[in-house]
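**Q** Residues per chain are reported as follows:
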Amino acid sequence: MEQIGFGIISACLLGAALGVVTGKNLVHSVLWLAVTLVTTAALYVFLNATFLAGIQVILYTGGVITLMLFGVMLTRRDERVMVENEQNGRRLWIAALAALGLFALLAAATFKTPGLPRTQAEPTTTDAIGRAFLTEHLLAFEVLSLLLLAAMVGAIVLARRHDAGADARGGL
Amino acid sequence: MLETYLPMLFIFVIALTIGAVMFFGGQLIGPKNPTPEKMMPFECGNDSQGTAGVRLNVKFYLTAILFVVFDIEVVFIYPWAALFKSLGWTGFATMLAFIAALLIALAYCWKKGALEWES
Amino acid sequence: MTFDVVYGLSPLLVVALGALLLMLAEAFGKPNPQGLAPTGEVSDAGAGRAGELGMGAAVVLFVGAALSLGVWLAGPDNLVGLELTRPYLIWDRFTVFVCFTLCLGGGLSCLLAGGYLTEHEIDRAEFFPLVLFSTVGAMALAAAGELLTLFVALETMSLGVYALVGLRRTPRSSEAALKYFLLGSFAAALMLFGAALLYGATGRTDLAGIGQAIAAIGQGEGPGAAQVLIALVLVVVGLAFKVSAVPFHMWTPDAYEGAPTPATSYMAVAVKTAAFAVMVRVLLIAFGDERLTSWASGWPPVLATLAVASMTVANLVAGRQSSVKRMLAYSSIAHAGYALVAVVATIRSPAAEGSILFYLLTYTVSTAGAFGALILCGSRGKEAVSYEDLAGIAKRHPAAAMAFSLFLLSLAGVPPTAGFFGKLYVFQAAIDAELYVLTVVGLLNSLVGAYYYLRVIVFMYMREPAPGATLAVPMRSGYVASALVIAAVLVIALGVLPNVTLEWAAIATVGRS
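Protein sequences appear in the order of chains A, B and C. If you count by the working numbering, then the first sequence holds residues 1 to 172, one letter each, in order. If you count by the working numbering, then the second sequence holds residues 173 to 291, one letter each, in order. If you count by the working numbering, then the third sequence holds residues 292 to 804, one letter each, in order.
Worth double-checking, as some hints may not be accurate.
[As the list claims (entries may be wrong)] In silico DSS-like pairs for lysine-lysine, Cα to Cα no more than 30 Å straight-line:
1. 686/C with 673/C
2. 283/B with 231/B
3. 24/A with 283/B
4. 24/A with 470/C
5. 231/B with 673/C
6. 257/B with 112/A
7. 686/C with 470/C
Derived from the structure by calculation, the hints contain no laboratory data. If you're wondering where the values come from, they're calculated on a predicted model, not measured in any experiment.
Let's have the full structure, built from the sequences with the hints guiding it.
**A** Quick look at the structure:
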């Protein structure tokens, strides 16, 4: 039962991921990416990491995909921006080979490593995650708040329009 | 334990089915009698102009990215809420520092006018 | 106990609080009516106050440096409470030394920006909070002894810098920011992947624990070794991106050239210093196992290759640049190569860690000074970027030319400047570790490097500007001048009296097992 479910979800995930990289239209690629992220959330459920699955849907499908769609639409009518997903035959093969090689390498290394949990993992509860963040990884957690602040300041400064003054005059 | 998620699976399947029926049903059973006028994109009686893609204001982007930033903060507050009692005052102080940063962030983008649409 | 922690971490805390305050000051301060340019999207209280805010940021960072010095004198080992932060932040002498260097480099860059942003009328005082946030990340990165903390710190450091690069909205600048962002995130993703594999193979996230687990795998010739090796490769590649070692340097010239010059200076000094610090810690603590540090089956040959490639390629290409800024970018790649030689030397020479720290300090003051002198040589609309712009500047502004020459000589490694001793100790450590080939390659490269540094000096002192060319007029700015004075004093002081600093650097080790 679980095997079948896992198979179906993995197939969906792979199909959607292929859709992302082969789509000719950037908007379609972004939408395929949304499907990819949702199916990844389903995989998390299979790993018993339900909190992570919830976060995945809220943050990635809710936030990041919206952001990406806006980003695409911002540049939509700008001729300078190429939005076609052009594929050159030879490059495609090289990329595919590199990806397959990396996959083979990682798969080999993973299967040779003992002690990996091959059975159902213990459920990672929200409690455990919260406790890890608020006690053990306290310092990382507080640095994280600064990271978010830096991200916000950076976003605001980058989203501003051209300055009326200096930038027009050039220099570098 | 995966049985817990069976209802969710049903919802997905039903949603997909309804969507597919609406999408393809019209094509399958609707009468087709195309005339040139019918084939034109409809835009309030006027001939439509330009392409379908409209270039959005950068404000959309700013709003979206602020949303993501605050969304991430919520994600961290959520597990704290589940542990509120057991972590006690230390947990409270930790979270207070985190929320103080959040407050500064809010004050900052408010003052910068990043939350205002008209300017 | 609490006092120990607060005092020990005070450099970090001061910079973090300073960042918050400066961010609010930038948003809530009274706008300067002259600098208020309507920008449409967001209001600008900080406009036209780049000088004041820059001063504030520099003061915060110099206080951070002074506190690092204080913590050093008190001795981080004596502050018992600091044990509490382990293994997440390892606050030892190594960290404190790096924090001092980071604060110094950041403070100099802020002073430069105070002059630069005002002169070029770039109304983006967000520069300063971003630098401070990034410095907090860099300090945490230098101290990180655990994979999660390490990653969060790395991202905190990088995010601020991505925005700094794109501060100016010229196509050049935006392109630079995009390239740096894409490749930087890619590098971070590779590191994260490596970290995940490490966790999978060892079940630990703290570096010391990973080191022990890897040692255990090694003894049994266990099958987890393959996964550890892949993780090692991924982590090294990620860090090589951050220190911009060849062949992972592709983004560097464009990003350094497109960024506003003070931001370039910050990237070149602080980001590189922090990345080297974490590289040393990760390699020696987590991958410090005997087999992994041996020449036959570990990381030394990989890093040695990177070092040789970085030095050689960067020095050869730097000589062919027509832009001085781009030349300095390649020079920073070459310097990453020299530092990598010392990283390789850590396998056999106990003095190598100290030589890296000393080298990074000399590199920081020389590079920040060189970029500062480049800023000083140009004014609004007439920024000095190419060799031709600098022609004859010695006559128009002898002080600027002299300062520039001093920093270039230091970068080239001419005695008695700081750069000479930096290189000397690196090569000494390499000879100590019996890395003769690397030493010879490094020495040859120093000779090649001298060519393009001296070429700038030749242009400044012996060439006349082409007739009818627009002259780069040196700017007048107390901020830039004071930054140059501080850097120059340090370059000379470290060159004339290197002993004290070197003794200090020598006892600042990461404490490998």
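**Q** If a hint holds in the structure, say so; if it doesn't, say that too.
**A** Here is what the structure says about each hint:
1. 686/C with 673/C: 17 Å, holds
2. 283/B with 231/B: 16 Å, holds
3. 24/A with 283/B: 41 Å, violated
4. 24/A with 470/C: Satisfied, since the Cα-Cα distance of roughly 23 Å is no more than 30 Å.
5. 231/B with 673/C: With a Cα-Cα distance of about 34 Å, the restraint between residue 231/B and residue 673/C is violated, given a limit of 30 Å.
6. 257/B with 112/A: Roughly 44 Å between the alpha carbons, so the hint for residue 257/B and residue 112/A is violated.
7. 686/C with 470/C: At roughly 38 Å apart (the allowed maximum being 30 Å), residue 470/C and residue 686/C break the hint.
Hints 3, 5, 6, 7 from the list above are not met by this structure, while the remaining hints are.
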